[in-house]
Amino acid sequence: MSGVIIAAAVVGIVGILIGLLLGVASEKFKVEVDEKEIAVREALPGNNCGGCGYPGCDGLAKAIAAGEAPVNKCPVGGPPVAAIIGEIMGVSAGEAVKQVAFVKCKGTCDKAKQNFTYFGITDCNSAMNVPGQGGKACGYGCMGFGSCVKACEFDAIHIVDGIALVDSDKCVACGKCVEACPKKLIDLVPYETYTFVQCNSQDKGKAVKEVCEVGCIACTMCVKACESDAIHMNGNVALIDYSKCINCGKCAAKCPTKVIKVVDGKMAMTA
Numbered sequence: 066m067s068g069v070i071i072a073a074a075v076v077g078i079v080g081i082l083i084g085l086l087l088g089v090a091s092e093k094f095k096v097e098v099d100e101k102e103i104a105v106r107e108a109l110p111g112n113n114c115g116g117c118g119y120p121g122c123d124g125l126a127k128a129i130a131a132g133e134a135p136v137n138k139c140p141v142g143g144p145p146v147a148a149i150i151g152e153i154m155g156v157s158a159g160e161a162v163k164q165v166a167f168v169k170c171k172g173t174c175d176k177a178k179q180n181f182t183y184f185g186i187t188d189c190n191s192a193m194n195v196p197g198q199g200g201k202a203c204g205y206g207c208m209g210f211g212s213c214v215k216a217c218e219f220d221a222i223h224i225v226d227g228i229a230l231v232d233s234d235k236c237v238a239c240g241k242c243v244e245a246c247p248k249k250l251i252d253l254v255p256y257e258t259y260t261f262v263q264c265n266s267q268d269k270g271k272a273v274k275e276v277c278e279v280g281c282i283a284c285t286m287c288v289k290a291c292e293s294d295a296i297h298m299n300g301n302v303a304l305i306d307y308s309k310c311i312n313c314g315k316c317a318a319k320c321p322t323k324v325i326k327v328v329d330g331k332m333a334m335t336a
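Heads up: the sequence shown runs through residues 66 to 336, numbered per the numbering used here.
Do not take every clue at face value.
[As the list claims (entries may be wrong)] Subject to a maximum C-alpha distance of 27 Å in a straight line, what follows is the list of computed DSS-like cross-link-like pairs (lysine-lysine):
| # | residue 1 | residue 2 |
| --- | --- | --- |
| 1 | Lys163 | Lys101 |
| 2 | Lys163 | Lys127 |
| 3 | Lys178 | Lys319 |
| 4 | Lys271 | Lys309 |
| 5 | Lys309 | Lys289 |
| 6 | Lys249 | Lys274 |
| 7 | Lys138 | Lys127 |
Simulated from the structure, these hints should not be mistaken for laboratory data.
Work out the full structure: start from the sequences and follow the hints.
Okay, structure coming up:
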């Protein structure tokens, strides 16, 4: 009987010692959790899309709480979430300009010429490794195989008539499609802008006309027509400065190939 009592006593003492050691260790090595970081994380939408440039919402919350990222950094949450986080951090959210993805190509099936019919893997990045890069004669145009569509987690981009088009009401400007496009055809532009240059070709005018009916031919007529100094040539393609553009439409009216589009209202899924 005495042996049992001794064994029980030893086990009890060992248990107490282990408990004390664990308690000391937990205090010594505990990780301090910032309450603001927790509150910011709860305010974020939880999509973990990476559009903010951080590794998911946890990474962004930590950066905001540490003062390393602005409170309006989340593209998915937008101004409403920025306002909540601003209150948590005790700062003004400021004016966050909503952005949306835009595809710089108007070369639909009936406008852009094909060198051959492509039967390979229907993925833009894979097609880039094949001679001819998908069959479209324009080396700068959208291949239409949907790498951007696969990258989008919000069902905001689709292939329509051979080119990618964005639904601005669904797009949250996470930038995944921008990263996925091997030809760098997709930009993030202000949501409320109405004027777009739908071309990315750096070929000269004659070469452009040979492969596409609606490509920019670098005639500079749009540049001369703009009274706001908002459009200039970037090599052989027109480029709009959205900080200066007033959406007057004069550049589009002068464009001989109608590659500049002015829409009535925010950008829509139309070619």
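Between the alpha carbons of lysine 271 and lysine 309, is the straight-line distance 27 Å or under? With a Cα-Cα distance of about 30 Å, the restraint between lysine 271 and lysine 309 is violated, given a limit of 27 Å.
Given the proposed pairing of lysine 163 with lysine 101, does the C-alpha separation stay at or below 27 Å? holds, 25 Å
Holds or violated: lysine 249 to lysine 274, with C-alpha atoms at most 27 Å apart: Between lysine 249 and lysine 274 the Cα gap is close to 21 Å, so the pair holds against 27 Å.
Would the pair lysine 309 and lysine 289 pass a check requiring their Cα atoms to be no farther apart than 27 Å? holds, 15 Å
For the pair supplied as a hint, lysine 138 and lysine 127, is the alpha-carbon distance within the 27 Å limit? holds, 12 Å
Taking 27 Å as the top limit, are the C-alpha atoms of lysine 178 and lysine 319 close enough? holds, 24 Å
Regarding the pair lysine 163 and lysine 127, is the alpha-carbon distance no greater than 27 Å? At roughly 23 Å apart (the allowed maximum being 27 Å), lysine 127 and lysine 163 satisfy the hint.
Hint compliance for this structure: hint 4 is the single one not met.
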